[in-house]
Structures are given as C-alpha cells and as structure tokens.
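From first to last, the protein sequence lines are chains A and B. Mapping to our numbering: the first sequence position 2 is 2, numbers consecutive. Mapping to our numbering: the second sequence position 113 is 113, numbers consecutive.
Be aware that a few hints might be false.
Claimed, not checked - Covered stretches of chain A (in silico footprint by chain B; criterion: 3 or more residues with CB under 8 Å from a CB of chain B, positions within the stretch not fixed):
#, stretch
1, 33-43
2, 214-227
3, 243-254
4, 295-304
To be verified - Taking lysine-lysine pairs in the DSSO-like style, the calculated list, with each CA pair at most 27 Å apart, reads:
#, chain 1, residue 1, chain 2, residue 2
5, A, K323, B, K428
6, A, K293, B, K421
7, A, K172, A, K323
8, B, K370, B, K156
9, A, K427, B, K156
Calculated from the structure, these hints are not laboratory results. Note that CB positions come from ideal geometry on N, CA and C, so glycine has one too.
Here is what each chain is made of, one letter per residue.
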Amino acid sequence: MAVLCKRILLSFACVALIAAAFLLSAADNRAYVIQNARVYTLSSRGTLDRASVVVVDGKITQVGQTVKAPAGAQIIKAEGLEVYPGMVNAWGNIGLTEIGSVDVMSDTTDLGAFKPQLLAFSALLPSSEHIPVARVNGITSALSAPSGGTIAGQAALIHLDGWTADEMAILKAAGMVMQLPSTGGRGGRGGGAPTPVAQAADAARATQQQLAELAELLEKARHYARAREAAPATERDRQLDALVPVVNGQMTVFLQAQTARDIRSAIDFAKKEKLKFVIQGGREAIRVADLLKKENVPVILDSIVSLPSRQDDPYDARFTLPKELAAAGVRFALTSPSASDVRNLPYEAGFAQAYGLSHEEALKAVTLHPAEILGVADRIGTIEPGKIADLVVTDGDLLEIRTQVKHLMIAGKDVSLETRHTLLYKKYMDRK
Amino acid sequence: MKKILFLAAILAAGIAWAPASDEQVGGPVAVVIKDATILTVSHGNIPKGSILIRDGKIAEVGPSVAVPTGATVIDASGQFVTPGIIDPHSHIAITGGVNEGTLAVTSMTAIEDVLDPTDINIYRELAGGVTTTLTLHGSANPIGGTSATIKLRWGKDAKGLLFQGARPGLKFALGENVKRGGTTGRYPASRMGTEDVIRTAFLEARDYMSRWETYRKRAAAGDRTAIPPEKNLTLEPLAEVLRGERLAYVHGYRADEMMMMLRLADEFGFKVNSFEHALEGYKIAKEMAAHGAVGSTFADSWAYKAEAWDAIPYNAAVMTRKGVLAALNSDSAERARRLNLEAARAVKYGGLSEQEALALITINPARELKIDGRVGSIDPGKDADLVIWSHHPLSIYTVAQKTLIDGEIYFDIQKDREMRKRMEEERKTLEALDRKSAPPGRSGRGSGRGPAGDRVPQQPR
Numbered sequence: 001m002a003v004l005c006k007r008i009l010l011s012f013a014c015v016a017l018i019a020a021a022f023l024l025s026a027a028d029n030r031a032y033v034i035q036n037a038r039v040y041t042l043s044s045r046g047t048l049d050r051a052s053v054v055v056v057d058g059k060i061t062q063v064g065q066t067v068k069a070p071a072g073a074q075i076i077k078a079e080g081l082e083v084y085p086g087m088v089n090a091w092g093n094i095g096l097t098e099i100g101s102v103d104v105m106s107d108t109t110d111l112g113a114f115k116p117q118l119l120a121f122s123a124l125l126p127s128s129e130h131i132p133v134a135r136v137n138g139i140t141s142a143l144s145a146p147s148g149g150t151i152a153g154q155a156a157l158i159h160l161d162g163w164t165a166d167e168m169a170i171l172k173a174a175g176m177v178m179q180l181p182s183t184g185g186r187g188g189r190g191g192g193a194p195t196p197v198a199q200a201a202d203a204a205r206a207t208q209q210q211l212a213e214l215a216e217l218l219e220k221a222r223h224y225a226r227a228r229e230a231a232p233a234t235e236r237d238r239q240l241d242a243l244v245p246v247v248n249g250q251m252t253v254f255l256q257a258q259t260a261r262d263i264r265s266a267i268d269f270a271k272k273e274k275l276k277f278v279i280q281g282g283r284e285a286i287r288v289a290d291l292l293k294k295e296n297v298p299v300i301l302d303s304i305v306s307l308p309s310r311q312d313d314p315y316d317a318r319f320t321l322p323k324e325l326a327a328a329g330v331r332f333a334l335t336s337p338s339a340s341d342v343r344n345l346p347y348e349a350g351f352a353q354a355y356g357l358s359h360e361e362a363l364k365a366v367t368l369h370p371a372e373i374l375g376v377a378d379r380i381g382t383i384e385p386g387k388i389a390d391l392v393v394t395d396g397d398l399l400e401i402r403t404q405v406k407h408l409m410i411a412g413k414d415v416s417l418e419t420r421h422t423l424l425y426k427k428y429m430d431r432k
Numbered sequence: 001m002k003k004i005l006f007l008a009a010i011l012a013a014g015i016a017w018a019p020a021s022d023e024q025v026g027g028p029v030a031v032v033i034k035d036a037t038i039l040t041v042s043h044g045n046i047p048k049g050s051i052l053i054r055d056g057k058i059a060e061v062g063p064s065v066a067v068p069t070g071a072t073v074i075d076a077s078g079q080f081v082t083p084g085i086i087d088p089h090s091h092i093a094i095t096g097g098v099n100e101g102t103l104a105v106t107s108m109t110a111i112e113d114v115l116d117p118t119d120i121n122i123y124r125e126l127a128g129g130v131t132t133t134l135t136l137h138g139s140a141n142p143i144g145g146t147s148a149t150i151k152l153r154w155g156k157d158a159k160g161l162l163f164q165g166a167r168p169g170l171k172f173a174l175g176e177n178v179k180r181g182g183t184t185g186r187y188p189a190s191r192m193g194t195e196d197v198i199r200t201a202f203l204e205a206r207d208y209m210s211r212w213e214t215y216r217k218r219a220a221a222g223d224r225t226a227i228p229p230e231k232n233l234t235l236e237p238l239a240e241v242l243r244g245e246r247l248a249y250v251h252g253y254r255a256d257e258m259m260m261m262l263r264l265a266d267e268f269g270f271k272v273n274s275f276e277h278a279l280e281g282y283k284i285a286k287e288m289a290a291h292g293a294v295g296s297t298f299a300d301s302w303a304y305k306a307e308a309w310d311a312i313p314y315n316a317a318v319m320t321r322k323g324v325l326a327a328l329n330s331d332s333a334e335r336a337r338r339l340n341l342e343a344a345r346a347v348k349y350g351g352l353s354e355q356e357a358l359a360l361i362t363i364n365p366a367r368e369l370k371i372d373g374r375v376g377s378i379d380p381g382k383d384a385d386l387v388i389w390s391h392h393p394l395s396i397y398t399v400a401q402k403t404l405i406d407g408e409i410y411f412d413i414q415k416d417r418e419m420r421k422r423m424e425e426e427r428k429t430l431e432a433l434d435r436k437s438a439p440p441g442r443s444g445r446g447s448g449r450g451p452a453g454d455r456v457p458q459q460p461r
C-alpha cells in the first residue's frame, strides 16, 4: 500500500511539473509582433501603412511603423495584409442557444414578466459550435442577452474564446434587458397588424397598468436600496437586489423598442425613472432621430439586412438607416443578432457603407461604437497600446465577403481558424 | 381613415411604380448598354464592352456593337453588367398561404392560380437584380403542388408574369417541416411515413396511367365499349413527373432523406430534377451527380433547425467540385435581394472562381429550371434580362442601378429616387386632406373609427 501511495504521489508531482513547464512555455509565447501590415487602428492615429502591432500578455503594447520586438516574441509576417480591431457584436444570444427550433437547446428565455435576477452568464455554453464559426470571420466579442417578459434578465459581454464562461466574460453583467409593454399597432401594413380600434382602449389601459407595475417595482428597488444601506440586516430579495444598480443609474438598461412610438415611450419612461439606458432594436429610429440626438441616447440596431417594415417604405429603407442616423448625429452600433449569423456582422457594416455610410464609420459601427455603447471602449474596440489584444488579420477589406481572415487573436491568444464547418468540409471533400 | 389613407397611398404607389406605359408597348426599337464591364458568365468578362438589345433579345455583345439610329443608349461606363439573377426557390407573388398542408398530397393545387402581381416583393427583388423566380408551394406536406416560373414583370397582370415556355414543376418535401404535420394529427409524422406517402402516390399514379393506357389502346383499336377513366387532378401532375414532362423539385435537407428520394426515383424511373436546399448535398455529391440531381442550396444558413445542424457554407463549392450542378436560392423575399452576395460567399468558402460563383445565381439555376436556352447568360439570342451594377456584383458595396427584363427597364434607381419624392409629396397631401376631413375627436362614419376609438388618445405620428 505504501508503495502504491508513493507511486501515486510521484506521478502527481510529475504531472505538476509538466504542467508548470507547459505554463511557463505558454507564458513565453505570449508575445507577438504582427509585422508590416496596414493597420486600421480606428483610433485618432487613423490607418498606418507598413506598421506593426506588438502584443504582450494579452495586451497591445506598441503600434506603429517602428516598434521594438520583445525578446522571444513570435513574429507574424503580415506584409500585404490588413489588421483591424476585433469586431464587437453588441446584441444577440450566442452561447445561449444552439439549434433555435429545438426547445431544450435554448436557454434564452425563462418564465414570468420581471426577472432582473437572471444572468445570461450563468447559462453560457463555452463549447457552443456557434462561437468558433462567428470568430473566424473576425468577431472577437459578443453580447449575449436573455429575452422575454418586461425584464428579461442581465446580458453578458463575452470574448469568443475560452474554456469557461469565467474566462470568456468581459462583463458578467453587461446590462439589464427590458422591453416596455408596447402600445400596440406597428404602423401600417407589413409591420404587423394594427390594433383594432375597438380594442385599442383596452390595450392602452393594459399597457398603462403594466407600466405602472414596472414603475412600482423600480420604486420598491429604490426603497430597498435605501433600507439595505440604512440597515444591512434588511431581509434580502433577489429581484430587488438585481435592480439596485439599475435604479442607482449604474447598470445600463437595454430598452428594446422598434417603432417610433415605442422608442419615444421608452425614452420618456427611462428619463422619468432616471435610468442609464440605450435603445435596442431601433427599426424606426430615424423617425425619432431628433429626440435621440437631443437626449444623447445611443441605439443598438437590429440587423439592417432586412425588409422594410412598412410596405410603402423605400426598398432600401433598412439599408440606409445607418447613414441617416449618422447624418442626424445619433450614435449607433450595427449587429447581427442571430447566434448562427454572428459571423455576418462585417457585412452589416458593408451594407451600411454600400448605402451611404463612410468606410470609417462603417468599421467603427462594429468595433469602437459598440464598445463605447457597452462601456468597454477603454478595453476593446480600437488598436491602441493598453487595450486587450483582440485583432483580426485579413488579406483585404474586412467588410468585403471575399476577404479571408488569416490570423485571429483574442485577448492576446493566437486562435485556431478551425470550426465545425471547416472540419466537415475537409471530411467530405476527402470522400472518394 | 388612416387605413383608407394608407390604401390610397399603396394604390398610388402601385400606379407610380408601374413602368410608364409608352415604354411598355413594344419598347424602344433598340437599346444599347455601352462601355460596361460585362460579366457574360458563359464566355468570360469583357472589360469595356457593349450590348445591343433588339426586340427584347440580346442581339450583339462585344467590345463594340452596332448602334442603330433611334436606339436608346445607356452609358454604363465604370459599371458592371450581369445576366438577370434567377432565384430558383421563392415564395413571393403568392396570394394567401403558400401551403395547402391539410392533406399529405396536394398536387392538385397550382401556384399559377394564385399569382399576385401586386406583391411589393416583386419590386424589391428587381431592385436586387432578380429577373426570374421559381415560385413554389411551401414544404408543409410531402407533395405540395405545381409551381410557376415567373419573370418579375412588375406592373403586368398575373398572366404577364409567367415565363412562357418554361417547363412545369411539382414541389415535393422531405424532413422536419413535413413531419410537423404529425403534430396536427396529419400523417406522416416521420421520415418513414414521408417515404410511404410519396411511394403510395406514385404507385397510384402508375396505376392511373396504366388505366388510361388500357383505355387508349382499346379506343385506338376501335373498341366502342371502352370508357375513359375518371380524370384525377391529384394524380395527373404525378403522371407527368413519371413521363418526364414535369420537373420534380424536392425539398430536402439531410443526406439520408435525399438518398431515400433518389432510390425511390430510380425505382419508379423518374428523375429528381433538384433537391431544394440540399444542405447536406456535400455529403452525397457522388450520388447526386450520378443521378443528375441539381443541388439548389443556401450560402451560409445553418442551425436554425435540427436538420440544418450539419449545413456548411462550403456546400455549393463542394457540390460544384464534385460534379453536381449547384445553384443558390433565397426561399425568402429578404435574401432574394442579395443573391449576388450569397454567391460571393462561395468564393470565400470553398474558393470558387468569380465566374463559377456568378453561375450559381444565373446559368446554373437556368439549367435547373430548363430555361437556359432563354436566360442565364449574356449571349446573342437570349432574352435581354440584364442587371447594371454600380460595383462588381460580388462586392458588398454594389448597388443595382437598372434591371431589365426582355429589354425593358423594370427597375431604375434614378426613377426610384424621383418616385420617392413624388410619394412623399403625395403622402403629405393625403395627410393634409385627412386632417381636414376628419378633425381629431369627431367620430366620422365610415372612417372605421368606432365610438370606442374616440377615447383613444391621439398618438403623435
């Protein structure tokens, strides 16, 4: 028995030694120089030709035509290639759902109307097949949001790489998802059936009642916060606990609203309740652009590669929305929300450019601007020293479909370009 | 009142969007598209070339063409011209539902009977460069009904949409959508049942054909006691498939269900013209190529249902490389407007050449629909169905400038812009009239506003 014990101990020690050695060597490799590329910094330094980016321990340390390579740094030759900040998908549910039509494979929605205590972070599937598929097109971080009810829960902002949700999280609690009861009527054909006039009064009453319920819940949370402050022994309440940062104006609220009327109601409500908020959806944001600008409310848009919401809208109504919002001075981010479509985020920006947005603004709408709106622009969204090294190296314009991603770096780690799709492709190409 | 106002706007829009009538009557004698980069798809690119259109047909293509006197000349320098896009799987321009899913076999129903020439998606797709679509039933049941091949001649009536001379088709469906019928108690509820339903239908059709054959033989032999069998509208389209007169368009996702259909088709001696969507076509490219079935697929849609779990964006490229005729379809009024960008994905995923990629949305679907003698490439003698693009059509930045069908301009971005201005003015006029005739708070009879409506607070627009 003693011998066996000794052997077990020995092998443990051995494993520990090997692991330590591995970690050390990995740490040695944490320095990279991406050399001689065209670097789209999207910072005030603009675009730099024949420039290099130095990455050490997950962070960008130097950017410029002349950099000092750290000893032992791995060199990525990028002559003729382009480097962009990794893209940020500011809305969606990646990691919460695998196959949309299979109920048991989705954790996006729970029961009830008010669920501020629910965390998308708790249900994230780090091994989701959607994650590699999305990142190999240059999307390095994504928001994953719960849905359903008036308060759906809290969204998480994650890096699209990591063994566990903890490793992936940029913000475990990136904001509260809220959708005010709609006043009904989507404003015309093709945008959903208008509420029949006879029912409109009832609907309006129901809406008012639901709004009152929500206001009361927020009021409770304010009292609760004060009570807890005054008397820390006050009995805890999961729901109200979760709402304290919301009513204190510390946590961003994603207010989901599509129509002009709903956006207006949402802004009224949020101002009255003194919330820190952004609008998510924004299909008709241009119709309330003045208000959005005046109140400095940013909009996280749904996919613009969509049909017009009204039958008599111009055919390109959704494509031109980014250009029009930019012209009106409204801040916005472009997104590709569906988990399986996150990889198409660069083409949202490409479409926006095809229909009038400038190239720089189009790039920023999927990098810097979502980072700003999500409150993480100090960490991601541009290529600047001090920022997390989320980088995409391409053989051409990031927004063009025919462009190939050559290297991908997430939090300073050189990430494989292999996915479920490339594996299946190889497997069946080899079938004789 | 709002509704009436809205209808009026739609009506006005419909009138406004119809091509001017003087252009419609015969069209101009000749049209020349000048100095564009021409992507013929059939014989490479002409960097600075021109196209002469006469009587709705392509008369000449080359670095320079004859310009007849009186010809309308379109200067397209710096722009790109492609054949009109052919969407080989669409559900636009259909009145009401696209499924008659109450029975498992509804081959007696015809899309041609319910074509809706006022569907706004026709115009929207023209603005995306689409000129021809195969308009099909949905996939709720194993045998859906007969399809219609149409040209997007916006402004014409239902008959005017039809692609004259196109081969008729019949829609079949396999897999998940069909199985869902089981939740309403309608058989089948499994892939086993789906095969059973289709097999039974073909057995009945074969029997039906032989009854008619017997009758015809007896009648031809002068047997005056021969009585013709009852005409069966459900079995007629199936008999046409068995005789090779009607194309079988088979919705299928998974390799196994497509293999089932290939075995069944081989057994009954008919051809599966194409697998619609064919997301796992890449797994059985060998078998599809041997049978001659087209793989009409999506570019990169996946994971939206269980049978789309193994869908890969390399599908079109793998099928192409392994000898399957591949095409890209939309199945959606939204996606149809950017099929050129779906084709671009086949360059990115799987490395098809630009011409191969463009073929996926032009000549290949034309071959699938058996209309490649008429459309699908820029060659003399073919219908002048053409798109003029601002940039290379595989670029994300491209915007269709003009779309021509039979030499007539059905979409023109300049005219679209002018029309928007007109509509905006019209809307203002109508709204002003509306405010005058129905001041807020007054209950106007016939305005659709009931007594309860008066209590609804006025919402700002």
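Now the hints, each set against the structure:
1. 33-43: Our answer is that it is violated, as 0 residues pass the Cβ test (under 8 Å) against chain B, missing three.
2. 214-227: Per the Cβ count (0), the hint is violated.
3. 243-254: Violated: only 0 residues of the stretch 243-254 of chain A have a Cβ under 8 Å from chain B.
4. 295-304: violated (count 0)
5. A:K323 / B:K428: holds (24 Å)
6. A:K293 / B:K421: Given pair K293 (chain A), K421 (chain B) holds - Cα atoms ~25 Å apart, limit 27 Å.
7. A:K172 / A:K323: Distance of about 32 Å is beyond 27 Å: violated.
8. B:K370 / B:K156: Measuring from Cα to Cα gives roughly 24 Å; hence the hint holds.
9. A:K427 / B:K156: Outside the cut-off at roughly 49 Å; violated.
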